[in-house]
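A.B. asks: Sequence:
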Amino acid sequence: MRAPEQSKTRDEPDGRPTLAALDGGRRERTGGDDGGYLVMIYGPALGQRWPIERELLIGRDEGCDVVVGIDTVSRRHCVVSIDDDSARVRDLGSTNGTFVNECPVKGDDEAILTPGDRLRAGGAIFKFLQGDHVEALYHEEIYRTMIVDGLTQAHNRRFLLEFLDRELARHQRHQRPLSLLLFDLDDFKRINDDWGHLTGDAVLRELSELVRSRVRREDCFARWGGEEFAVALSETDPEAAQLFAERVRRLVEEHEFCANGERLPVTISVGVATAPPDLRDAETFLAAADALLYEAKRQGRNRVAR
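Here the sequence shown stands for residues 1 to 306, numbered as in our numbering.
A few of these clues could be false.
Dumping the calculated DMTMM-like pairs for lysine to aspartate or glutamate here, alpha-carbon to alpha-carbon at most 25 Å [unchecked claim]:
#1 K297 - E228
#2 K189 - D290
#3 K189 - E227
#4 K297 - D237
Simulated DEER-style distance windows between Cβ atoms [claimed, not checked]:
#5 H197 - R75: 16 to 26 Å
#6 N192 - R212: 16 to 26 Å
#7 E235 - R190: 30 to 40 Å
#8 A169 - G107: 51 to 61 Å
#9 A287 - R76: 41 to 51 Å
Simulated from the structure, these hints should not be mistaken for laboratory data. Note that beta-carbon positions come from the ideal geometry of N, C-alpha and C, so glycine has one too.
Kindly generate the complete structure, drawing on both the sequences and the hints.
C.D. replies: This is the structure in structure tokens:
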């Protein structure tokens, strides 16, 4: 088994990993600088990288080069190989499939990997990095793992809290309106139970792409945790926030989420809060939106409460 490049981690006081922790600190460069790296961006070894010298075997078995200890990964799942011409990935008959940028790698076919491609093996996601500045690319990717959720590509909880802190300070200073949507998927556990966690992951990815395309650049769309998401809306009053929330709710309700050719009934419930003039604390703001989300659930789901 080839060990990933890492060293002992060091955490921030609040328990979140620092850049140094994910990176493993400064180190000498070893094999893989020409062949490139696989970096895990979603899974149990988040932020770790494996140099590709000739090939890497990915799977759950302890004898693999990249060991991913989750049930959705087969014992010998897929293999990444590299030569002077290209990097390629081949599925090894895995149960849950191998995907490059969400396109399946079928049968004995090999898919070409280009720098920046996302490789998904079951429920684990890697990014392929290669090029003249692979070390710099790696550090950029590590930074992304600290602010972006690897599964949905929405910003993560940490980034949202920092965004709200900045926007609440601006709200206080300039008396600009600030609104916050908190929403989650109704009966999401049933999707996981009936269709499996990989289908649940696919629904989360698709929902994120759907909503993210409607969010302005100056706003923040984030995965708050599990099936719960948030949208922070700068300079948005209660009426405009309500309209946006209703558009998002209808968008999700009318979208065709499918599994094995069968449509999945996916809806969301939304809580909408607007910051009062004296609000300074992001956690208080989130608690207010969460209480309204609970009210939307209590009223029967697939609705907006504010």
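A.B. asks: Lying within 41 to 51 Å: is that true of the beta-carbon distance A287 to R76?
C.D. replies: 47 Å, holds
A.B. asks: Taken at face value, is the distance from the CA of D237 to the CA of K297 at most 25 Å?
C.D. replies: Distance of about 23 Å is within 25 Å: holds.
A.B. asks: Taking only the CA atoms, is the gap from K189 to D290 under or equal to 25 Å?
C.D. replies: Holds, at roughly 19 Å.
A.B. asks: Between N192 and R212, does the beta-carbon spacing fit 16 to 26 Å?
C.D. replies: 22 Å, holds
A.B. asks: Does the alpha-carbon distance linking K189 and E227 stay inside the 25 Å limit?
C.D. replies: 9 Å, holds
A.B. asks: What's the verdict on K297 and E228, does the C-alpha distance respect the 25 Å limit or exceed it?
C.D. replies: 13 Å, holds
A.B. asks: For the range 30 to 40 Å, tell me whether the beta carbons of E235 and R190 fit it or not.
C.D. replies: This hint holds: roughly 38 Å between Cβ atoms.
A.B. asks: The hint says 51 to 61 Å between A169 and G107; measuring C-beta to C-beta, is that right?
C.D. replies: Cβ of A169 to Cβ of G107: about 55 Å, so the range 51 to 61 Å holds.
A.B. asks: Is the distance from the Cβ of H197 to the Cβ of R75 consistent with 16 to 26 Å?
C.D. replies: 18 Å, holds
In this structure, every one of the numbered hints holds.
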